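Below, each chain spelled out in residue letters.
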Amino acid sequence: MIRTTPFHERTAAANVSGLWEHWSGYLVARKYDQSEKFEYFAIRNSAGLFDSSPLYKYRIHGPDAEAFLAGALARDVRTCAVGHGQYTAWLDDRGYVVEDGVIFRNAVDDYLLTSAEPNFAYFDALIGRARVTIEDVSEASAVLSIQGPKSREILACLAPEVAGLPYFGLTAATIGGADVTISRTGFTGDLGYEIWVPGDQALAVWDAVTEASEGRGVLPIGSIALDMARIEAGLLLLDVDFQSSRFAWTDAHRSTLIELGLGWMVRDLAADGRAFIGRAAIERELRDRTSRWKLTGLVFDWRDYDRHFDEAGLIPPKDHTPIDAEYYIYDDSGNQLGYATSQMYSPMLQRHIALARVPLDLAKPGTRVKMELAVSHRYEYFDAVVTRLPLYNPDRRTA
Amino acid sequence: MAKTKTPAPAARPASNGSSGSANGTDPITNLPDRRAGERTYDAIVIGGGHNGLVNGAYLAKNGLKTLILERRHLVGGAAITEELRPGFWFTTFSYALSLLRPEIIHDLELTKHGFMPLLMPSTFAPMENGDYLLLGQDHGENLREIARHSRHDADAYEAFNHDVLRVCRAIKPLLDQVPPDIFSTDPEELIALATLGSRFQSMDRKVVHDAVRLLTGSAADFLDDYFESEILKGYLASSSIIGTKVGPYSQGSGLVLLYHLLGEHDGEFGSWAFHKQGNGGFTKVLARAAQAFGAEIALESPVERVITKDGRATGVALIDGTEFHAPVVVSALDPRRTFLELVDPRELPTDLVDAIERFRFQGTSAKVNFALDGAPRYPALGDRTDQFRGFTNIGPSMEYLERAYDDAKYGWYSKRPYIDGAIQSTIDPDMAPPGKHVMSTFIQYAPYHLKGSDWDAEKERFGDTVQATLESFFPGFGDLVLQREIRTPLDIERTVGLSEGNIFGGEFLAPQMWLFRPAPGWSQYRTPIDGYYQCGSGTHPGGCVMGAPGKLAAGQILKDRARRGSTARTKVGAGA
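Residue numbers (this note's numbering), protein chains in the order written: chain A, 1 to 399; chain B, 1 to 576.
No lab work stands behind these hints: they were computed from the structure.
Careful, some of the hints might be misleading.
Computed Cβ-Cβ distance ranges for the label pairs, DEER-style [to be verified]: (1) Ile-319/B <-> Arg-396/A: 49 to 59 Å; (2) Asp-310/A <-> Asp-354/B: 37 to 47 Å; (3) Gly-130/B <-> Glu-214/A: 24 to 34 Å; (4) Ala-292/B <-> Glu-153/A: 24 to 34 Å; (5) Glu-141/B <-> Glu-21/A: 17 to 27 Å; (6) Val-16/A <-> His-162/B: 22 to 32 Å; (7) Val-137/A <-> Arg-148/B: 28 to 38 Å; (8) Pro-365/A <-> His-162/B: 51 to 61 Å; (9) Asp-186/B <-> Asp-310/A: 47 to 57 Å; (10) Asp-204/B <-> Pro-317/A: 13 to 23 Å; (11) Asp-310/A <-> Arg-144/B: 26 to 36 Å; (12) His-162/B <-> Glu-21/A: 26 to 36 Å; (13) Ala-317/B <-> Glu-214/A: 49 to 59 Å; (14) Glu-141/B <-> Glu-214/A: 48 to 58 Å.
So the derived list for chain A, only partly shown, Cβ under 8 Å to chain B, looks like this [what the hints assert, rightly or not]: (15) Phe-41; (16) Ser-46; (17) Phe-120; (18) Ala-121; (19) Phe-123; (20) Glu-214; (21) Gly-217; (22) Thr-290; (23) Ile-315; (24) Pro-347; (25) Leu-349.
Short derived list, chain B residues pointing at chain A, Cβ under 7 Å [what the hints assert, rightly or not]: (26) Ile-105; (27) Glu-109; (28) Thr-111; (29) Leu-118; (30) Pro-121; (31) Gly-130; (32) Leu-134; (33) Leu-215; (34) Gly-435.
Small disclaimer: the values here were computed from a predicted structure and weren't measured.
We put the CB at the ideal spot given by N, CA and C, even for glycine.
Here chain A stands alone, though its shape is the one from the complex:
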């Protein structure tokens, strides 16, 4: 039977839409009421509450934890101070991305790593003789994410520690009588926090946060609204924008760190003497320019978009519902160049946007490409412009 998260009693009461989905073996709301777009606006205008509990969480600790993770993760975890986190990825020896997640450093030798899918065996197998223990603590804590411009002032009413918490900072606090950890993280590209709470105290945290949010336009948000926000923010989704190299059938289904546009994680490779998995492959890829494409943003030419539909006698649809599926990208002569993996109409940008892979020589912002979309039961080719990610990036996200 499908599992429910520690917040379920509250999310079930809030979900009057009756629409749920299964995420990683758990029941989570697709949307709570009639409009996912209204929930999305809570993220951009006030704050949205999202139940992130189904994430996998691994505690990795021991005297060699830093050295172990420095070799297992692509981003240099040694630069992550205690009380901070990092968005990171782990690669195979050919430079292909296994998965991504956030690593938090709770103490000098004590870390917490999140991931979308199980990775226990993967990391366990890498430990070897290192003095490191890995524990699956996925069920130990529920995670309540509060995302949006009002998230700071609301949380600061409950936990003053939050007021000065830096981007990707981590702090202990007490909310609703529960001992929690708060991180300034999220999956929306906005100002936001995640509250990590023992499962048996989750409801008290939910209640305290909703009470503090009263009258501020805060809404519980479902997975559709989150998907909208993350596409605008250029945040990648496993099995949508990339696949794990461990389980891909061919290299065509694998992506390197550089290809995914995450090369910034290893920007200081020269100064960083670590031997980490995938390092040699990255160095080779950069030196020989062997990247097959780069994942980037696309912004559609609105005039051209409208024209295609106008000419077909239709009203141009501006549907914010994310399409997490492949659509193909061409040059003017009809040669396929790449493909998009996520697309939607962005209410903040007032344009159709996509996350897409294009060949390196076309990855320069401003380059024009064509994307294939169906209009009146036939494919037409829409003008779009390569645009640097994130497509929506408010200052408050990191300020």
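Since the structure of chain A is already known, use the hints to place chain B on it.
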């Protein structure tokens, strides 16, 4: 569904600083030094309402050194948001967005400057018998809700929407085009006319006929063809009277209805949005965009007159005597001010002066804005308050609306007025302190000319009438009121500068639209004075926060400059 206002500049410089909104500090600070330095521009725009700002932004974007002069201490004209009580932000006049031309959003890169139209997830229409019509974002649920009132009307609603959408699709391009000059023999104009004619020729007959019925007939006749439910007809017909001295049974109300259905939000026709921080938030976005393109905005700079020499505009003089010079002067004010006040009518052709003198303003709308201690309650919905996240439409039947109009017909405000309520603070936390609310109510009818009295005498009694009507639908409403702000048509005229308080800068009547807005032969944004242009809501396609007049006028100005072989910086067409 709903309604709005227009721009234009404004009156009496108030002292309120009104900056420092929750959206950040007010950027409108670059007042040019009036005593010294540069006072010569390529273009001067009179009036910092939304059309003036749009116009100035397009001109600046196309390389013109542009100055926008605003009479008041803040930009926005009638699209302003003011903190009238600490923490409570009132959308004093205009309060929602829909007809804004999508082109403007993109051309002026408004999303870079904070453009943020918030979805209204519902529309609430209370009834006098205690029932209600509540429409939301789920199409299927909406049809069930309509069927609760009339089984017939559920699919009739689909048919109505389909037919109206087809008309909207046909008519919409006219909003984005300069009207053709049917009095001209210029080949370019003849081509434009022919193109237009061929467009109509290719249209479905029913669509053309529906369009004509809407543009010339009454909303009641059109709605009666589809519906039997009074609440549904009342709700839809409410959009047919906004800002105009007509009732739903008057010929001409169909045009107002069509205009409101032509609005769109994220591609959805007839859908409205609250801009973040109200329509004042929106005009601040416009001001930032204009400034980013290089336009200068000067506040508290009331213009006294346009300076002309040998039939040419050469600049403007402020009331304090300061002069600014430019070969292009654009008035974003209404036609009466543009032609009869800013310039000497003796410089203009008599037929134009006559036409402008006959141009109907007769404002008929008012605003009453409330600071509330909490959200109102509707008895049938118990403690629910989510019904207030969009418009609250108090116009429960066409008869209710028509009776409200009857009062106005005979020179008085409605005893039971039509009310369009909007509590933006239910979805925008930057409008009021947590748990408190600001409620904008748009009221009709409130005729500018009262028979045997005047607005200064009637203002409070009028406010009481509105509040009593609200109390009858929301028992206990009065107890929630922390502050009440009444804005009569006279206040609108005095504060914003819109003649007779007409929110559209001139009524939406067929003889005052398109080819004839504001006068036959002068619908292409030019004036008889060389270099003097008009871009306010009194020009095509008219009021509502549409921006099209400002944009289309900029296109004409740029075209004229290019024709004149003027400086190379200028590109043809404002949409470049």
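Hint check:
no., hint, verdict
1, Ile-319/B <-> Arg-396/A: 49 to 59 Å, "violated (41 Å)"
2, Asp-310/A <-> Asp-354/B: 37 to 47 Å, "holds (41 Å)"
3, Gly-130/B <-> Glu-214/A: 24 to 34 Å, "holds (28 Å)"
4, Ala-292/B <-> Glu-153/A: 24 to 34 Å, "holds (29 Å)"
5, Glu-141/B <-> Glu-21/A: 17 to 27 Å, "holds (20 Å)"
6, Val-16/A <-> His-162/B: 22 to 32 Å, "holds (29 Å)"
7, Val-137/A <-> Arg-148/B: 28 to 38 Å, "violated (51 Å)"
8, Pro-365/A <-> His-162/B: 51 to 61 Å, "violated (41 Å)"
9, Asp-186/B <-> Asp-310/A: 47 to 57 Å, "violated (28 Å)"
10, Asp-204/B <-> Pro-317/A: 13 to 23 Å, "holds (21 Å)"
11, Asp-310/A <-> Arg-144/B: 26 to 36 Å, "holds (33 Å)"
12, His-162/B <-> Glu-21/A: 26 to 36 Å, "holds (32 Å)"
13, Ala-317/B <-> Glu-214/A: 49 to 59 Å, "holds (54 Å)"
14, Glu-141/B <-> Glu-214/A: 48 to 58 Å, "violated (26 Å)"
15, Phe-41, "holds (5 Å)"
16, Ser-46, "holds (5 Å)"
17, Phe-120, "violated (42 Å)"
18, Ala-121, "violated (44 Å)"
19, Phe-123, "violated (42 Å)"
20, Glu-214, "holds (6 Å)"
21, Gly-217, "holds (4 Å)"
22, Thr-290, "violated (36 Å)"
23, Ile-315, "holds (6 Å)"
24, Pro-347, "holds (6 Å)"
25, Leu-349, "holds (5 Å)"
26, Ile-105, "holds (5 Å)"
27, Glu-109, "violated (10 Å)"
28, Thr-111, "holds (5 Å)"
29, Leu-118, "holds (5 Å)"
30, Pro-121, "holds (4 Å)"
31, Gly-130, "violated (23 Å)"
32, Leu-134, "violated (11 Å)"
33, Leu-215, "violated (20 Å)"
34, Gly-435, "holds (4 Å)"
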